[in-house]
Structures are given as C-alpha cells and as structure tokens.
Amino acid sequence: KNQVEQSPQSLIILEGKNCTLQCNYTVSPFSNLRWYKQDTGRGPVSLTIMTFSENTKSNGRYTATLDADTKQSSLHITASQLSDSASYICVVSARSNSGYALNFGKGTSLLVTP
Amino acid sequence: DGGITQSPKYLFRKEGQNVTLSCEQNLNHDAMYWYRQDPGQGLRLIYYSQIVNDFQKGDIAEGYSVSREKKESFPLTVTSAQKNPTAFYLCASTASGSSYNEQFFGPGTRLTVL
Chain H
1 KNQVEQSPQS LIILEGKNCT LQCNYTVSPF SNLRWYKQDT GRGPVSLTIM
51 TFSENTKSNG RYTATLDADT KQSSLHITAS QLSDSASYIC VVSARSNSGY
101 ALNFGKGTSL LVTP
Chain A
1 DGGITQSPKY LFRKEGQNVT LSCEQNLNHD AMYWYRQDPG QGLRLIYYSQ
51 IVNDFQKGDI AEGYSVSREK KESFPLTVTS AQKNPTAFYL CASTASGSSY
101 NEQFFGPGTR LTVL
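Residue numbers (the working numbering), protein chains in the order written: chain H, 1 to 114; chain A, 1 to 114.
For reference, chain A alone in the conformation it holds in the complex (with noise of 0.2 angstroms):
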C-alpha cells in the first residue's frame, strides 16, 4: 500500500447522508487520484488533483466532491445525490509529470449504503 493511508476501511451509511472519505500520502506526490471499483467491472476515475487547491473531474463525477488544500490530503466527499454509491473506493497518488510513474494505491475504503 506504499505510504497511502485510507479511512475507514468499511463504510456504512444511511441514504440521504453526505459522508466523507479520508486519503493521507507521505510520498511527496503531486498528484492524486479517487477511483471506484465495482465487481466485475474496471476501475473508473471520480476525481483526481495535479496540485493543491486544483482538482479535475474525472469519467464518474456526478455526486461526489473532493477538495485538495494540503499536497498530502485528497478527501472525497460522497453526497446524496449519487445514486449508487455502495463499492470499493481507491485513492491513489503518483509522482506528475511521466505517464510511466506508477501510481501507487491505497488499502481502499469500502462503502456499504444500508
């Protein structure tokens, strides 16, 4: 899991509440990512920032934010108004500028909606 911390592990929330997903890195990497994975299927992008206080949606955007004011924290907000928010979520960071950094991932942080 590298030096990518995530919290909580599981997740359980009620519908119609926000709650928020936390993602700590001490890689000194600039950029950060949020995925969602769901059996069976690839990962998909939600958001990811190249640099603090810059953030840019990413293929799954719709009911979720984020917010990036420190380089080393990326916390993902889940709101209301996704429709479908139980899955696997990953946090990811990578070093910019190369598409041949590899992105290290997160141990992920598993949400259930009850």
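Isolated chain H, as found in the complex (with noise of 0.2 angstroms):
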C-alpha cells in the first residue's frame, strides 16, 4: 500500500530559528514529490516539487531534499518566520494505469513563536 509518513507532527521554534521536516514514502512506482503550505483555514500551495533526478531543489528559506533511494524527504526552513507557521504537506504522485495518484502525507503542523 502507497504511504507518506511525515515526521514530527507537530513542531514548535522560536523565531528566526531553523527547522527541518522530514517524510517518508513507500509510493511505488515513484513520479515526483511536493511540498506544499497550507495556512489555517486556507488551501494548500505548492513550496517545491522534485523528481527521481533531483535530490535539492530551494525556494527562498526553505529547501527540500530528496534520497530517491531511502524513499526519504525533507524540508529545511532557514531563519523561521511569524509567517512560516502552518501545516508542510508532503505530497508523492504514483504512477498508475490511468495516470497518475497523489498520496497525501498527514502534514506537520509548525508554530513559529516570537
């Protein structure tokens, strides 16, 4: 069965601290990964994406890895901001018969405090 495992669940920092998310997927045949932010209350947005190729890829503060080979991902957030609390989504698209299939990891919620 396709899993996303994100660790930790829940996350507490002081402000301009760093952090990092990690997840974990057993998705089987592998497409690409994504990151998304979703603030309370609101839709998720994409942060990143990577494929099998890629194993950095940054988007400002925050910079997510890929091990294609352990199946393990993480994103880094560099000097946290009020702003950056939220829930981090991972997100990996399976290939299938007719198309593709998105597996919702359960999220990591962060709380950036002052």
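Source of the hints: derived by calculation from the structure; they are not laboratory data.
Quick reminder that beta carbons are idealized off the backbone N, C-alpha and C, glycines included.
Heads up, a few of these hints could be off.
Claimed, not checked - Just a few of them, taken from the derived set where beta-carbon distance is under 10 angstroms, the chain A residues facing chain H:
# : residue
1 : Phe12
2 : Gly97
3 : Ser99
What the hints assert, rightly or not - Below, computed lysine to aspartate or glutamate pairings styled on DMTMM-like, alpha-carbon distance capped at 25 angstroms:
#  : chain 1 : residue 1 : chain 2 : residue 2
4  : H       : Lys71     : A       : Glu102
5  : A       : Lys14     : A       : Asp38
6  : H       : Lys106    : A       : Asp59
7  : A       : Lys71     : A       : Asp59
8  : A       : Lys9      : A       : Glu24
9  : H       : Lys57     : A       : Glu102
10 : A       : Lys71     : A       : Asp30
11 : A       : Lys14     : A       : Asp54
12 : A       : Lys70     : A       : Glu24
13 : H       : Lys106    : A       : Glu15
14 : A       : Lys9      : H       : Glu15
15 : H       : Lys57     : H       : Glu5
16 : H       : Lys106    : A       : Asp38
17 : A       : Lys57     : A       : Asp30
18 : H       : Lys106    : A       : Glu72
19 : A       : Lys9      : H       : Asp84
20 : H       : Lys57     : H       : Glu15
21 : H       : Lys17     : H       : Asp39
Said to hold, decoys possible - Here are a few chain A residues that sit away from chain H, every Cβ distance over 12 angstroms (derived from the structure):
#  : residue
22 : Val19
23 : Asn26
24 : Gln37
25 : Leu43
26 : Ala81
Hints given; two lone chains; assemble the complex.
Spelled out as structure tokens, the structure:
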C-alpha cells in the first residue's frame, strides 16, 4: 500500500531558528514529490516539486531534499519567521494505469513563536 | 489560492439535509478535484473530473455527488447519506496530462452539521 509518513506531527520553534521536517514514503512507482504549505483555514500552496533525478531544490528560505534510494525527503526552513506557522504537507505522486495518483501525508504542524 | 474560488467559506447544515458546495476556476484547467480534510489526517480524494461531462469516484465517494457541466465549475453535493460530513472541503484543479503539473487549491469550505 502506498503510504506517506511525516514527522514530527507538530513542532514549535523560536523565530529566527532553523527546522527540518521529514517525509518518508513507500509509494511506487514514484513519479515526483511535492511539498505544500497550508495556512490555517486556507488551501495548500505548492513550495517545491522534485523528480527522481533531483536531490535538492530551494525556494527562498525553503530547501527540499530527496533521497530516492531510501525514499526520504526533508524540508528545511532557514531563519524562520512568524508567517512560517502553518501545516506542511508532503505529497508523493505515483504512476498508475489511469495516469497518476497523489498520496498525501498527514502534515507537520509548525508554530513559530516570538 | 490561484484562480479557484469556493463558496461559501462556512456552511452549517442540519442533519438530513443535502448541501451543495461551489467550486469555480478560471485557469482553463481540464481536471478538477474534491478533497476532504479532517484534523490530523491527510487529504482524501472524494471525486475527480478530467474532462467536462465526465467524473470518477475517489477513495471516499459514498454520500457525495458531483457534476461537471462546464469546464470551469465542479460543484459537490453532500447528501444526507454521508454519515459524518463535518469537515473542511478543498477543491483543486490542474492542467491535465502530467503529474508534474501543480494542483492549485481553492480556499476551502468548512462544513458543520448541527
């Protein structure tokens, strides 16, 4: 069964600190992996997408890594800001007979405090 | 939230009533999706449509119905058969053809059954 596991479930950090969120998956056959940011009560917004051949990609203070061999991804947030408080969702796309299927993690809830 | 709108933002329903959630997009996307999000759980696919006048059941379609009469509109009806409809509902759209294409999400509708 295709699964996406995220850790930690929740995290509290001080403003200005760095943090790393983890995503482990068993999805196969792998197509790509995307990280979304979801503010409370809003829809998710894409941060990065990575394919099999990419092992790192940055978007401002967000840097995602992918190890396709161990099926692990991480999202590193540098110099956190209060506006980074949100849920971060890992989504892994798998190829299927009808095209592709998205597998969603449960998300990591991040709270950045002053 | 891109070019996707959902209405209403909050919806209250009495038990036994059907309600319809609106989703409109002006991105000229072929594919549209409905997801349900519950606290501590990943997004779960209810229905999706890859082309006008065609739609497919997702993982949790029971108690829901959809229509796709226009490319830009994909309304979701939550029927009285849905046992536990209180949740946050997200609509998304994407340019079809590749899993690399980002799914753009609407702002969501929070449905509460009284």
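Each hint, compared with the structure:
A least Cβ separation of about 16 angstroms between Phe12 of chain A and chain H goes past the 10 angstroms threshold, and the interface hint is therefore violated. Nearest Cβ of chain H to the Cβ of Gly97 of chain A: about 8 angstroms, under the 10 angstroms cut. The hint holds. Contact between Ser99 of chain A and chain H, as hinted, is supported at the beta carbon level, the nearest pair being about 4 angstroms apart and thus within 10 angstroms. Taking the CA atoms of Lys71 of chain H and Glu102 of chain A, the gap is near 21 angstroms; set against the 25 angstroms cutoff, the hint holds.
This hinted pair checks out: Lys14 of chain A and Asp38 of chain A have alpha carbons roughly 19 angstroms apart, not beyond 25 angstroms. Simply put, Lys106 of chain H and Asp59 of chain A have alpha-carbon atoms about 16 angstroms apart, close enough for the 25 angstroms limit, and the pair holds. A C-alpha spacing of about 23 angstroms is found between Lys71 of chain A and Asp59 of chain A, which places the hinted pair at or below 25 angstroms, so the restraint holds. Of the supplied pair hints, the one linking Lys9 of chain A and Glu24 of chain A holds, its CA atoms being roughly 13 angstroms apart against a limit of 25 angstroms.
Between Lys57 of chain H and Glu102 of chain A, the direct Cα distance comes to roughly 16 angstroms. Compliance with the 25 angstroms bound is thereby established for this hinted pair. Only pairs whose Cα atoms come within 25 angstroms are accepted, and Lys71 of chain A paired with Asp30 of chain A is accepted, the gap being roughly 7 angstroms. A distance of roughly 30 angstroms separates the Cα atoms of Lys14 of chain A and Asp54 of chain A; the hinted pair therefore is violated under the 25 angstroms criterion. This hinted pair checks out: Lys70 of chain A and Glu24 of chain A have alpha carbons roughly 10 angstroms apart, not beyond 25 angstroms.
In summary, the hint linking Lys106 of chain H to Glu15 of chain A is not supported, as the alpha carbons are separated by about 28 angstroms, beyond the 25 angstroms threshold. Between Lys9 of chain A and Glu15 of chain H the CA atoms are separated by roughly 31 angstroms; this puts the pair beyond 25 angstroms, and the hint is violated. For the proposed pair Lys57 of chain H and Glu5 of chain H, the alpha carbon gap of about 20 angstroms is at most 25 angstroms, so the pair holds. The hinted pair formed by Lys106 of chain H and Asp38 of chain A meets the criterion: a straight-line CA distance of about 10 angstroms does not exceed 25 angstroms.
A distance of roughly 17 angstroms separates the Cα atoms of Lys57 of chain A and Asp30 of chain A; the hinted pair therefore holds under the 25 angstroms criterion. Taking the CA atoms of Lys106 of chain H and Glu72 of chain A, the gap is near 29 angstroms; set against the 25 angstroms cutoff, the hint is violated. The straight-line distance between the Cα atoms of Lys9 of chain A and Asp84 of chain H is roughly 23 angstroms, inside the 25 angstroms bound, and the hint therefore holds. The straight-line distance between the Cα atoms of Lys57 of chain H and Glu15 of chain H is roughly 23 angstroms, inside the 25 angstroms bound, and the hint therefore holds.
With a C-alpha separation of about 19 angstroms, the suggested pair Lys17 of chain H and Asp39 of chain H falls inside the 25 angstroms cut-off, and the hint holds. The Cβ of Val19 of chain A sits about 19 angstroms from the closest Cβ of chain H, beyond the 12 angstroms cut-off, so the non-interface label holds. At roughly 15 angstroms from the closest C-beta of chain H, the C-beta of Asn26 of chain A stays outside 12 angstroms, upholding its exclusion from the interface. Residue placement check: Gln37 of chain A does not keep its beta carbon more than 12 angstroms from all beta carbons of chain H (closest about 9 angstroms).
Distance to chain H contradicts Leu43 of chain A as a non-interface residue, since its nearest Cβ pair spans about 4 angstroms, not more than 12 angstroms. Every beta carbon of chain H lies more than 12 angstroms from that of Ala81 of chain A, the smallest distance being close to 25 angstroms; the non-interface claim holds.
Taken one by one, the earlier hints fail for this structure at numbers 1, 11, 13, 14, 18, 24, 25, listed in ascending order.
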